[in-house]
Structures are given as C-alpha cells and as structure tokens.
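J.: In the order they appear, the protein sequences are chains L and R. Residue numbers for the first sequence follow my numbering, beginning at 1 and rising by one. Residue numbers for the second sequence follow my numbering, beginning at 1001 and rising by one.
Hints in this document: simulated from the structure, not taken from any laboratory. Please note that the accuracy of each hint is not assured.
Okay, the calculated bits of chain L under chain R, using three or more residues with CB under 8 Å as the criterion [claimed, not checked]:
1) 34-46
2) 82-95
Here are the simulated SDA-like pairs of lysine to any residue, each with C-alpha atoms no more than 25 Å apart in a straight line [as the list claims (entries may be wrong)]:
3) R:1046 with L:322
4) L:63 with L:310
5) L:211 with L:269
6) L:63 with R:1323
7) L:46 with R:1042
8) R:1060 with L:138
9) R:1046 with L:38
10) R:1060 with L:92
11) L:63 with R:1141
12) L:63 with R:1063
13) R:1209 with R:1009
14) R:1063 with L:141
15) R:1291 with R:1215
16) R:1060 with L:102
17) L:60 with R:1063
18) L:60 with R:1100
19) L:60 with R:1321
20) L:60 with R:1102
21) R:1063 with L:48
22) R:1063 with L:69
23) R:1137 with L:102
24) R:1060 with L:323
25) L:60 with L:49
26) R:1046 with L:323
27) L:137 with R:1049
28) L:60 with R:1141
29) R:1137 with L:47
30) R:1046 with L:62
31) L:209 with L:274
32) R:1014 with R:1283
33) R:1063 with L:49
34) R:1063 with L:100
35) R:1046 with L:39
36) L:63 with R:1066
37) L:60 with R:1091
38) R:1211 with R:1296
39) R:1137 with L:100
40) L:63 with R:1068
Beta carbons are placed, not taken as given, at the ideal position from N, Cα and C, and that holds for glycine.
Each chain is listed here by its residues.
There are 2 protein chains.
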Amino acid sequence: MLIDNLQYANWSSKIFTQMREGGVDAVHVTIAYHENFRETVLNFEKWNSWFEEYPDLIMKGLKAEDIDTARSTGRTAIFFGFQNPSPIEDDIGLVEIVHTLGARFMQLTYNNQSLLATGCYEAEDSGITRMGRQVIKEMNRVGLVVDMSHSADRSTIEAASISERPIAITHANLHEWQPALRNKRHEVVKAVTEAGGMIGFSLYPHHLKDKSECTLESFCEMVARAAELYGVSSLGLGSDLCQDQPDTVVEWMRVGRWSKEIDYGEGSASLPGFPDMPAWFQDNRDFGNIKTGLRAIGFSEEETAAIMGENWYRFYRDNFVPSASG
Amino acid sequence: MLIDNLQYANWSSKIFTQMREGGVDAVHVTIAYHENFRETVLNFEKWNSWFEEYPDLIMKGLKAEDIDTARSTGRTAIFFGFQNPSPIEDDIGLVEIVHTLGARFMQLTYNNQSLLATGCYEAEDSGITRMGRQVIKEMNRVGLVVDMSHSADRSTIEAASISERPIAITHANLHEWQPALRNKRHEVVKAVTEAGGMIGFSLYPHHLKDKSECTLESFCEMVARAAELYGVSSLGLGSDLCQDQPDTVVEWMRVGRWSKEIDYGEGSASLPGFPDMPAWFQDNRDFGNIKTGLRAIGFSEEETAAIMGENWYRFYRDNFVPSASG
Chain L
1 MLIDNLQYAN
11 WSSKIFTQMR
21 EGGVDAVHVT
31 IAYHENFRET
41 VLNFEKWNSW
51 FEEYPDLIMK
61 GLKAEDIDTA
71 RSTGRTAIFF
81 GFQNPSPIED
91 DIGLVEIVHT
101 LGARFMQLTY
111 NNQSLLATGC
121 YEAEDSGITR
131 MGRQVIKEMN
141 RVGLVVDMSH
151 SADRSTIEAA
161 SISERPIAIT
171 HANLHEWQPA
181 LRNKRHEVVK
191 AVTEAGGMIG
201 FSLYPHHLKD
211 KSECTLESFC
221 EMVARAAELY
231 GVSSLGLGSD
241 LCQDQPDTVV
251 EWMRVGRWSK
261 EIDYGEGSAS
271 LPGFPDMPAW
281 FQDNRDFGNI
291 KTGLRAIGFS
301 EEETAAIMGE
311 NWYRFYRDNF
321 VPSASG
Chain R
1001 MLIDNLQYAN
1011 WSSKIFTQMR
1021 EGGVDAVHVT
1031 IAYHENFRET
1041 VLNFEKWNSW
1051 FEEYPDLIMK
1061 GLKAEDIDTA
1071 RSTGRTAIFF
1081 GFQNPSPIED
1091 DIGLVEIVHT
1101 LGARFMQLTY
1111 NNQSLLATGC
1121 YEAEDSGITR
1131 MGRQVIKEMN
1141 RVGLVVDMSH
1151 SADRSTIEAA
1161 SISERPIAIT
1171 HANLHEWQPA
1181 LRNKRHEVVK
1191 AVTEAGGMIG
1201 FSLYPHHLKD
1211 KSECTLESFC
1221 EMVARAAELY
1231 GVSSLGLGSD
1241 LCQDQPDTVV
1251 EWMRVGRWSK
1261 EIDYGEGSAS
1271 LPGFPDMPAW
1281 FQDNRDFGNI
1291 KTGLRAIGFS
1301 EEETAAIMGE
1311 NWYRFYRDNF
1321 VPSASG
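Just chain L, same shape as in the assembly (with noise of 0.2 Å):
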C-alpha cells in the first residue's frame, strides 16, 4: 500500500504512467490554490476528462475502498484536496458541494489570513474565525477534513481543538529538523496528533534540512524522531512533489490574485523558481527509496508499510465519510 497525500504536478499520461510504475497506489492532488467556487469546478472538469481519457491509469477516489478497486485493477485512486478555502468563497452550504464533488481535504488557510483562520505568513494569528468554528462544523459533518499545513500555529492548535474528528498537516516537516516557516513547532504537530490527526511529511526542499541537498539518511532520521515524539501510526507522506511545473506556477501559488508586488515565500530574489528536487526523490517512481531509507534506520516492515501507506488508508476510511450523527 503507497500513498502520497499531496502533489501538485503538471498533470500529463507521463506522470500517470510513472504513477504505476512507481506503485502508487493513491494520491491526494491538490486543485485549488486561489480558485473561486466556479473556477474550482473548471478544475473539477479538467480531471473527469483525464479520467475517461485514462481509465487504464487512474480513477477518481471518493473513499478508502476505492483505492481497494484501484490495486485490484492496477490503478492510482486520485483523491481531490484544496490548499485554501477559496473554493467555498463566504457560503458554508458550499462545504457539502464540494464534498460531493469529491473534495476531501481543504485547509482553513494559504499562507495568509482567510475567512475562517490565519496563514503562516501572516504577523498576527488571531485564531480561527466565527465562520470558521461553523465551517469546521459542517467539514465535520459531511466528512471534509481540515488540513493546516499552510496555517499559522495558534490558529492550528486551535482547529485540532474545535473539530470534532481528527485533522491532518498533509505536508510538512518538523521545524526542530529544518526551522522553515512552513515546518511545524513541537506543540503544533503535538496537539494535531494527540487529537486522533496526522503529519504528511514533505519532499519540497525549501522544507528539507540543506534543501535539496538534503540526504535521504537526514530526512528518514526526521521521520524516525517524529516517531519517537507522535508514534508510527500518526505518520505519512505528503511528498508536496509539483513535476515538471514551470516557474510560473511557483509565482501564482505564492501571490495569487493578492498582490501586486512580487512575494518570494520560501525562496528568494536569487531563487525565485522550484528548487531541485533531492536525488533520492525526483518522480513517483523513487518512493521505494523512502522505504529502503526507513528500514535502514530501523523501522520494523509493519512499521514502514504504515508510514509508506497505511496510515493514510485507515486516516480516509474513518474521515471522508459523513459523521455518525450528521
């Protein structure tokens, strides 16, 4: 069992392809950024066209059980998640439509201060928004589930609280290991996993201790510490992995429709573009790398097979179906 709880790719019959040969058996994608609700759509068109043009390759997922259909027919489930809550705009019924669209995972923020909580850019945290207790709510109870990997800390250990069912940071790492502003402080990843959550580790150099030079020996100590910290059955992967994207699209992720002067994020005036993915990791066809690197620092094979995947497909059978009382 192999998943992968986030890419962002330019989506192509090579990446599917390399998909299969890289036994990928599920992949959250991310298809929204700074979308509006219709936009949002056009993106949700765009992949039922790739569906009926590969249905050798991949099927959309709306469940765990789905990624069962997925190997037995030689396949990768694509589960859909949105890195903003653009897509619901200021209209909480939009939580349901979107779930029934098959929307799975939305974060309360991108970087900055949104309707319902503050992003990891922003000065001030203010924790989570009056809309934002409601739209919790109601993710709660349609089975969308709440993911801050780009939300600040308070706001953060505040979701973990109000919800009602466990959260997820789908791609980060941890800010002892590599202190980026995306990685996440102790008591972050602490109040997430101690409420049920779990941490999808990234593959994104700017979140990697060296960045792209970054050893596969030094990110499989990270998971081996986190281990330690939160226990093996909080732990996944969210390689975070944007293949064969221009630069262009770096530059939309960081400044949408928000800005006017050019903001770098993670990178810098010298490196405005995406970092070289590290040498162990550069497609979906290297992640038996990760799992050679988790059992040479001594993880047991149950152990790895639940970080490489099993985690992730008991976190989807208990948080992508509606609530018991909703």
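We have chain L already, so just place chain R on it with the hints.
T.: Just chain R now, with coordinates in the frame of chain L:
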C-alpha cells in the same frame, strides 16, 4: 409504487408531510428554470438543508434503488431536474458536474430557443444545434435524461433520434385531447415512445381539457387513448404541481430575465396567475383519485400500477446510470 415525475412546489414541511400522507415514494422536482450554474448550486444547497432538516420525511434520490430505501424507511425520494439547460451555461463539462451533484433530467429548452434546441414558443424550429448534439451525447454518457417537455416538435423528434438512450417528456398531455401549445402532437409522442422513451401526464390546468373544470374521467380517457397509441409501458405521471407558489413565480417562470415585456405564456391578461387545480387533484394526497379513475376507465390492476409509478421506476433504473460504454 407511486412516482410523480414533475413538481415545483413552494416546499415546506407541510408539503413533505402531505407526500407521506399520499404515499408518494418519489418525486422528480425542478430546481432550475432560468438559473445559471452558480444559482443552480444554491438550489442544490437549499435542498441539502431540507434533507438535513427533514430526515424522516425526505431523502436525496440518485438511482432507482434509492426509492426502495425510501419505501422501506417511510420517506419520499427526491430526484432533481432542470427545465432549461441554463445551469450548464456554455460548458459541456458541467453536464457531468451537475449529474454528480444529483441532476437526473434536463430539458434542452424552456419555451425559447436555447444553445441546444428550439422551445415550443418560437416561430421557427431549427432543430438540435451543434452544441445540442454534443450535449446529448454527453448526457447519454453520464446518465442525465434528455427532457423535451417545453421543446418544439422538430427539435423533439430530432432529439429522440440523436439520443442513443431513451428520452422523456416529463410533463405534458396529448394535443389531440387538449390542443394547448405545450401538449404533444402524435408524431412527437410516437417518436419519443418508439425510441423507448416515456411521457408523464400533467395535471396543470392549462394542459387539461376544460382546464380547472376538467373531469377525472376525461383525464383518464386521455390516458386510455395514449395507451392504445403508444402502449401502457410508455406512460407515467408528471403532475406539474406548483403547490403554494405565489403568482409572482409563474410570471418569473415565463419571463425570467430574458424579456422586459410581460409574457403570459399559457395564461392571459385576464388570468395571469396560477390556475386553480382540478377538484380531484389538489395536492400530493390526491393520487389515489387518479388510481381509482384509471381502474374505473378499464385499466387492470397491473396496468394501473405501471402508470402510477412502476414505469418511471424502470426508466430511472435504466437511464440514471452511466452508459455501459461510458
């Protein structure tokens, strides 16, 4: 089994309760006349709120088997349809999106020319358009039924021929019985039913002989005539019940946003509003009268059961799912 294949009421707990009192197992309800995509989504949202508020009375219907669930749990299954293709705008990708959200019937026109076909109030009927041919093919693929209730004759006959799956006239009567603009001529009903399609008989007074004064016997005589011409298996009900709607709503149905001048449609300057329903069909509790009338006119118990709901059940079962090749 009791299925009414067209209603557009001013929905309330009162009406949902009357559905239960009348033993109505399923209703196809209109959720768009002139709405664009985003406005139609607001109507889906409104229904989601009713499903949440009245879980003991109604449930969302997506496939025929949901009617079995509704029956076994004492509820009415609600199926959605559009009287106009305005919800898909000029975007064929929205066909699959609205099907995913729950739409199961879509009229290609509402009285006027649309992007897809010609409506029954136009002076010239130019048939199915270029986009219309593409959209029918896509509707066939995903399982969204072509409804031609408000379309012109040539467009309807062409749609029945172009469509690879049966189409429907969800709510209209025989033109030879009551020569209203909205009632259907022999060659039109013949084309639809010979291609496996169905007609649902309307109880809207403008479609009835003697309008509000129409007798139950006369209505049932028309059904018997249709059975002779097209066979019992092509017949069902589509009452067009617009219970508790204010007269502003029928004006909006007729004029929408397309005209600055008033258009009385089937009404007149002296009778601009909703006409009175016939005494024997006031609301959802009166379907028993029709059943009695059909038996009295000579239909067998089996034939009556087919017309009252079993035919629509079979039609739903065969046509709401993706095509085998899709």
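J.: Taking the hints in turn, state whether each one holds.
T.: Taking the hints in turn, this is what the structure says about them:
Beta-carbon proximity to chain R at under 8 Å applies to 7 residues in the region 34-46 of chain L; the threshold of 3 is reached and the given coverage holds. Beta-carbon proximity to chain R at under 8 Å applies to 3 residues in the region 82-95 of chain L; the threshold of 3 is reached and the given coverage holds. Distance check on the hinted pair: residue 1046 of chain R and residue 322 of chain L sit about 18 Å apart at the alpha-carbon level, within 25 Å; holds. For the proposed pair residue 63 of chain L and residue 310 of chain L, the alpha carbon gap of about 14 Å is at most 25 Å, so the pair holds.
For the given pair, residue 211 of chain L sits about 17 Å from residue 269 of chain L by alpha-carbon distance, which is consistent with the 25 Å threshold. Distance restraint check for residue 63 of chain L and residue 1323 of chain R: the Cα-Cα separation of roughly 23 Å lies within the 25 Å cut-off, and the hinted pair is therefore satisfied. Restraint check for residue 46 of chain L and residue 1042 of chain R: satisfied, since their Cα atoms lie roughly 22 Å apart, inside the 25 Å limit. Among the hinted pairs, residue 1060 of chain R with residue 138 of chain L is consistent with the structure: their alpha-carbon atoms are about 18 Å apart, no more than 25 Å.
Restraint check: the Cα-Cα separation between residue 1046 of chain R and residue 38 of chain L comes to about 18 Å, which is no more than 25 Å; the hinted pair holds. Pair hint residue 1060 of chain R plus residue 92 of chain L holds up; C-alpha atoms about 19 Å apart against a cutoff of 25 Å. For the hint linking residue 63 of chain L to residue 1141 of chain R, the alpha-carbon distance of about 23 Å falls within 25 Å, and the restraint holds. Among the hinted pairs, residue 63 of chain L with residue 1063 of chain R is consistent with the structure: their alpha-carbon atoms are about 19 Å apart, no more than 25 Å.
Between residue 1209 of chain R and residue 1009 of chain R the CA atoms are separated by roughly 23 Å; this keeps the pair inside 25 Å, and the hint holds. Our distance criterion of 25 Å between C-alpha atoms is met by residue 1063 of chain R and residue 141 of chain L, whose separation comes to about 23 Å. For the hint pairing residue 1291 of chain R with residue 1215 of chain R, the CA-to-CA distance comes to about 14 Å; that is within 25 Å, so the pair holds. Distance check on the hinted pair: residue 1060 of chain R and residue 102 of chain L sit about 17 Å apart at the alpha-carbon level, within 25 Å; holds.
Straight-line distance between C-alpha atoms of residue 60 of chain L and residue 1063 of chain R comes to about 19 Å, which keeps the hinted pair within the 25 Å bound. Taking the CA atoms of residue 60 of chain L and residue 1100 of chain R, the gap is about 12 Å. The hint holds against a cut of 25 Å. Simply put, residue 60 of chain L and residue 1321 of chain R have alpha-carbon atoms about 16 Å apart, close enough for the 25 Å limit, and the pair holds. The suggested pairing of residue 60 of chain L with residue 1102 of chain R holds, with an alpha-carbon distance near 17 Å, which does not exceed 25 Å.
Between residue 1063 of chain R and residue 48 of chain L, the direct Cα distance comes to roughly 21 Å. Compliance with the 25 Å bound is thereby established for this hinted pair. Proximity of residue 1063 of chain R to residue 69 of chain L is assessed by CA-CA distance (about 21 Å); at most 25 Å being required, the pair is judged to hold. Restraint check: the Cα-Cα separation between residue 1137 of chain R and residue 102 of chain L comes to about 24 Å, which is no more than 25 Å; the hinted pair holds. Under the criterion of a C-alpha separation no larger than 25 Å, the hint pairing residue 1060 of chain R with residue 323 of chain L is consistent with the structure, at around 17 Å.
Pair hint residue 60 of chain L plus residue 49 of chain L holds up; C-alpha atoms about 11 Å apart against a cutoff of 25 Å. Restraint check for residue 1046 of chain R and residue 323 of chain L: satisfied, since their Cα atoms lie roughly 20 Å apart, inside the 25 Å limit. Annotation: proposed proximity of residue 137 of chain L to residue 1049 of chain R holds, straight-line Cα distance about 15 Å (limit 25 Å). Straight-line distance between C-alpha atoms of residue 60 of chain L and residue 1141 of chain R comes to about 17 Å, which keeps the hinted pair within the 25 Å bound.
The straight-line distance between the Cα atoms of residue 1137 of chain R and residue 47 of chain L is roughly 19 Å, inside the 25 Å bound, and the hint therefore holds. Between the alpha carbons of residue 1046 of chain R and residue 62 of chain L the distance comes to roughly 23 Å, so the proposed pair stays at or under 25 Å and holds. Proximity of residue 209 of chain L to residue 274 of chain L is assessed by CA-CA distance (about 16 Å); at most 25 Å being required, the pair is judged to hold. About 11 Å separates the Cα atoms of residue 1014 of chain R and residue 1283 of chain R, which keeps this hinted pair within 25 Å; it holds.
Simply put, residue 1063 of chain R and residue 49 of chain L have alpha-carbon atoms about 23 Å apart, close enough for the 25 Å limit, and the pair holds. Between residue 1063 of chain R and residue 100 of chain L the alpha-carbon distance is near 15 Å, which keeps this suggested pair within the 25 Å criterion. Of the supplied pair hints, the one linking residue 1046 of chain R and residue 39 of chain L holds, its CA atoms being roughly 22 Å apart against a limit of 25 Å. Only pairs whose Cα atoms come within 25 Å are accepted, and residue 63 of chain L paired with residue 1066 of chain R is accepted, the gap being roughly 20 Å.
Annotation: proposed proximity of residue 60 of chain L to residue 1091 of chain R holds, straight-line Cα distance about 21 Å (limit 25 Å). Taking the CA atoms of residue 1211 of chain R and residue 1296 of chain R, the gap is near 21 Å; set against the 25 Å cutoff, the hint holds. A threshold of 25 Å between alpha carbons decides the hint, and for residue 1137 of chain R with residue 100 of chain L the separation of about 24 Å falls inside it, so the pair holds. Taking the CA atoms of residue 63 of chain L and residue 1068 of chain R, the gap is near 24 Å; set against the 25 Å cutoff, the hint holds.
Checked against the numbered hints given earlier, this structure breaks none of them.
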